[in-house]
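**Q** Put chains B, C and D on the given structure of chain A with help from the hints.
Protein chains: 4
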Amino acid sequence: MAIVLGVNRYGKAENRVVRITRTGNTHEILDLNVTVQLSGEFAATHLTGDNSNVVPTDTMKNTVFALSHEFGALQPEAFALRVGRHFLTSHTHLCAAEVRIEKFDWERIICASTPSPRAFRRNGSMRRTASARVTRAGASTHEFVVSGLEDLVVLKTSDSEFSGFLRDKHTTLADATDRVMATEVSARWRIESTDGARLDANDWGSQFDRALDTMLTAFAEHHSLSLQQTLYLMGERVLAQERAIAAIRLSLPNKHHFLVDLSPFLRENRSEVYIAADRPYGLIEAVIQRDDAPPVAGEWPSW
Amino acid sequence: MAIVLGVNRYGKAENRVVRITRTGNTHEILDLNVTVQLSGEFAATHLTGDNSNVVPTDTMKNTVFALSHEFGALQPEAFALRVGRHFLTSHTHLCAAEVRIEKFDWERIICASTPSPRAFRRNGSMRRTASARVTRAGASTHEFVVSGLEDLVVLKTSDSEFSGFLRDKHTTLADATDRVMATEVSARWRIESTDGARLDANDWGSQFDRALDTMLTAFAEHHSLSLQQTLYLMGERVLAQERAIAAIRLSLPNKHHFLVDLSPFLRENRSEVYIAADRPYGLIEAVIQRDDAPPVAGEWPSW
Amino acid sequence: MAIVLGVNRYGKAENRVVRITRTGNTHEILDLNVTVQLSGEFAATHLTGDNSNVVPTDTMKNTVFALSHEFGALQPEAFALRVGRHFLTSHTHLCAAEVRIEKFDWERIICASTPSPRAFRRNGSMRRTASARVTRAGASTHEFVVSGLEDLVVLKTSDSEFSGFLRDKHTTLADATDRVMATEVSARWRIESTDGARLDANDWGSQFDRALDTMLTAFAEHHSLSLQQTLYLMGERVLAQERAIAAIRLSLPNKHHFLVDLSPFLRENRSEVYIAADRPYGLIEAVIQRDDAPPVAGEWPSW
Amino acid sequence: MAIVLGVNRYGKAENRVVRITRTGNTHEILDLNVTVQLSGEFAATHLTGDNSNVVPTDTMKNTVFALSHEFGALQPEAFALRVGRHFLTSHTHLCAAEVRIEKFDWERIICASTPSPRAFRRNGSMRRTASARVTRAGASTHEFVVSGLEDLVVLKTSDSEFSGFLRDKHTTLADATDRVMATEVSARWRIESTDGARLDANDWGSQFDRALDTMLTAFAEHHSLSLQQTLYLMGERVLAQERAIAAIRLSLPNKHHFLVDLSPFLRENRSEVYIAADRPYGLIEAVIQRDDAPPVAGEWPSW
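Protein chains in written order, with numbering that gives the first Met the number 0: chain A, 0 to 302; chain B, 0 to 302; chain C, 0 to 302; chain D, 0 to 302.
If we strip away everything but chain A, and leave its shape as in the complex, we get:
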């Protein structure tokens, strides 16, 4: 029974690329955090320290910045694909390149009702994400794109119930017919096509904006009987609207807001004063998908 090297990958994480585009005196800003990870024939460096197949992570960093210069201000999905393709094309001993990107949003500062041409304010804590995994399949490549977002914090003060749940000997929770529902949305959706040309034709920015708007509207308008039901509706609406999306994974912490008992102070708290709790918190996770969505391996969940 021998000991062997199993799956492995390596790369440069968190390259902070800020790309400025100038059109006359008006500037655009694209602010990305780019992580690259490569897989391939890397047994030698693990087993003997022979690095002749190793693209240094320092080179990956240089490549990310040079490609940002070459390609300009692409959508993050498009840039991730370009970077992944570059590595697979350049080095035949690679079998896969994964590029993960966080995009930070900026909005123009408003001066006397006019958006500034060159000054910006960081907009919110939500981050748009994109990743592309480009794998070699014989003479061609296979491309897999996942878009998403992190840290979208939402709360509704009403239209949320939780009752009729299973009771066992450890249950002390009372039914709630009117509670605060708050969560921090993490979402990732994967794209149906693995055809590079079709991927390149995707309008990533519009697709993201529509998906975000759809999820927010579903959260706001829905009368919720459980956070699971809300989660499902958010995912279902995105799939119903976006034909290019094969599946969506949502991870929703239940950020509990407890009604404070003010009766010792002779006050009746009619859903007015809550304490926001940190830990523990509920955690609801699910994939919503088309029934003909092909299965995928890798970081896509498979619990």
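Be aware that a few hints might be false.
No copy is singled out in the list; a pair is fine if it fits within one copy or between any two copies.
[Claimed, not checked] Simulated pairs of lysine to any residue, SDA-like, Cα-Cα distance not exceeding 20 Å: (1) LYS254 <-> SER51; (2) LYS168 <-> LEU261; (3) LYS254 <-> GLU101; (4) LYS168 <-> LEU232; (5) LYS168 <-> SER51; (6) LYS254 <-> GLY23; (7) LYS254 <-> ILE274; (8) LYS254 <-> SER270; (9) LYS254 <-> MET0.
Don't read these hints as lab results, they were simulated from the structure. In this text, all values refer to a predicted model and were calculated from it rather than measured experimentally.
**A** This is chains B, C and D only, laid out in the frame that chain A set:
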């Protein structure tokens, strides 16, 4: 030469109070993080463990929630004053109460161009802050209010120089005539009046909005020769506009964005691709004040 | 083409359980952060809001604390198994329970060379981890245990090279024959047996201590030609020593320390002064396994 | 009523200096995070953008690394003094230099019972701190040193009471005669002498070790009637032992551990199972000092 108890205070930190106000089917949300600290005759508990003068921090927590219920959705400065006054009025052995508040902003979710009446999205990482220190002065009290903000991240892609600086034997920096300027604004401004009635008449929300807008506009429009100059202008403009503000303290980290050298790859980087650095960072701090502003003790800086 | 619910799970995350054991006047402390996630027949709550199958996450919290009381100070792997088995045994509509635990270490405070019987100091930032996934397989259950650690920060000032690597047009890195090597070890190792009785007989504490010691010694003694080689050696040594371990996954960020160029100040920096960089960083990840280790699904990596 | 520039300072924050000292094949590591801030005649850059008096923060960074090379592995207080003196000596328009240092601890990895000569493990989350403020006073300088520590997490499972406290209409807390006491110690102590020669003769390392040991022993051995009493004893013991220390400031969050109510599950929780809470938390702060300690300005607290 004896060992003695010096200045001391204690309290309950980070009470997370979420206050919902219902007007028919439309709800408002006020989301605060409230810290209370009391000073007074507390030598006994330190020296002998006699707690008869000690208001438990658990009681402070209860008080904050009960007062939030009683007073409703006040501006954070007004609520800080109410809480501080409550403790000084209730307990004659207290000499000071300090109440510090962080306010988290929420905006309504937009559904089909209409703001939702009861669903919200957390808006940004910037936090508004307010603190009130109420101290006993004989039969009356003295009140000191500081407003401010944290984590306002701004960036300008142009109109920023840094040159003509002092050179010594450790200087390697080159003059910069066109650089990215980015910072994360921390600001605190203190209010002139110590007259409770006048403080209560202050329109804290409008004052905050104007101060924020003034600082953003100064940052955006200014052609900067140094971050110090930008800092001073931001503070000066706030004071010029707001008569009630006696002084403003700004703390501006210089979040460096370095132009990436792409010449090894035969690319000319014309202010297009930058790397955002984490550490070290510059840190510029100053107080801008009216020349007749009275000196203050306490946490207001006095380096 | 219909839209359907895919894989899903939910639970209560980060239950902070502190378990005190008293033996006369000597106390032991066990400090855990416990996350529970359940899978099973939960389509109804997603699709219609019917919660009759839903064990509330509040009940999971109660259960974790009650079982901690019942079982006493178990090793984290043993406690994770007990909690997982409890849920599967109690509720037939569950198909899997996953319990993930972080364990925080405390050491006794030393008073005049004597360990205190009841006072402790938190020991380090490293956290031991353990997870158990209990799944239903017909009339019996299948159990899968992973142990590990997070945030073990190590550094060696010598015996580390990186040279002979692949060079392409984006390479600017020079060969290094003497560099600082620093990393923050994340390790997870899975246990061969799925036989509950054998799992229960495992001496989890000793196994962890030996694995930690083996990895530290390998890191310290090894003359490294690449971080990959060091990673492989650390994993290989653990497997060579611990027969019960089927595979180990290591994730090692390369925490870069750059030699500072002091030549402008007429100083020759002979591997004496380094700057510790934050981002970007290298990231080296691999699984080392026995060649007859059975494949596993789920959160175990399968890139 | 004019608007004027008030107190101001600027500098380079968080220079991460790792200093290796080689004695034959045995290496020592000194790992510091160094922040420099300068005050002086800087009105011009604020008011007009004239930078001729401005030492760039980039130069400060270079200086810190060059002085680390020149001076070798000094104790952090000694290094802070050297850096501060360097700036005041080099530039006559400076009136003050403040240097703040965090020191991260490393211990040698043990290989087969032998400490490794060149491999280290990061030891804990506690950080030792040191700061020196060097101010110009006519032809000479005034030096002020503060030592301390952050993030020393301690817990005792017994010997802690809290009862007999003041009760008012918002009090619901019950007396506790046996509770868990846990805190995260932040301590800063200032040195009596302002005589540079005497400061340089101070054995900073031994002083720190003794102060830490004294505080830990006081915490462990004390039967506590309040966290305030414990705080006072910890400070008093340090002052009683260390003649060179004029005053000590302690800031102790009360990290609450609540006994979990298991009675709904027919279990009697006899001080065995606790939940560790995050927020809100108590916060106890005080200065303990010699009664002839001279007052100080600046960042030393003066609430």
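**Q** Please go over all the hints and tell whether each is borne out by the structure.
**A** Now the hints, each set against the structure:
1. Taking identical chains as interchangeable, the C-alpha atoms of LYS254 and SER51 are never at most 20 Å apart, the minima being 50 Å within one chain and 22 Å between chains.
2. In this assembly of identical chains, the alpha carbons of LYS168 and LEU261 lie at most 20 Å apart only when taken from different copies (12 Å versus 28 Å within one copy).
3. With identical chains, the CA atoms of LYS254 and GLU101 are at most 20 Å apart between copies only, with a shortest distance of 19 Å across copies and 24 Å within one.
4. When the C-alpha separation of LYS168 and LEU232 is checked against a cutoff of 20 Å, the pair qualifies neither within a copy, at 32 Å, nor between copies, at 46 Å.
5. When the C-alpha separation of LYS168 and SER51 is checked against a cutoff of 20 Å, the pair qualifies only between copies, where the shortest distance is 15 Å, while the shortest distance within a copy is 62 Å.
6. In this assembly of identical chains, LYS254 and GLY23 lie within 20 Å of each other by CA distance neither inside one copy nor across copies; the values are 46 Å within and 26 Å between.
7. Taking the shortest alpha-carbon separations for LYS254 and ILE274, both the intra-copy value of 11 Å and the inter-copy value of 18 Å come in at or below 20 Å.
8. Within a single copy, LYS254 and SER270 get their C-alpha atoms as close as 17 Å, which meets the 20 Å cut-off; across copies the closest is 29 Å, which misses it.
9. Taking the closest pair of Cα atoms, LYS254 and MET0 never come within 20 Å of each other, the shortest separation being 48 Å inside a single copy and 34 Å across copies.
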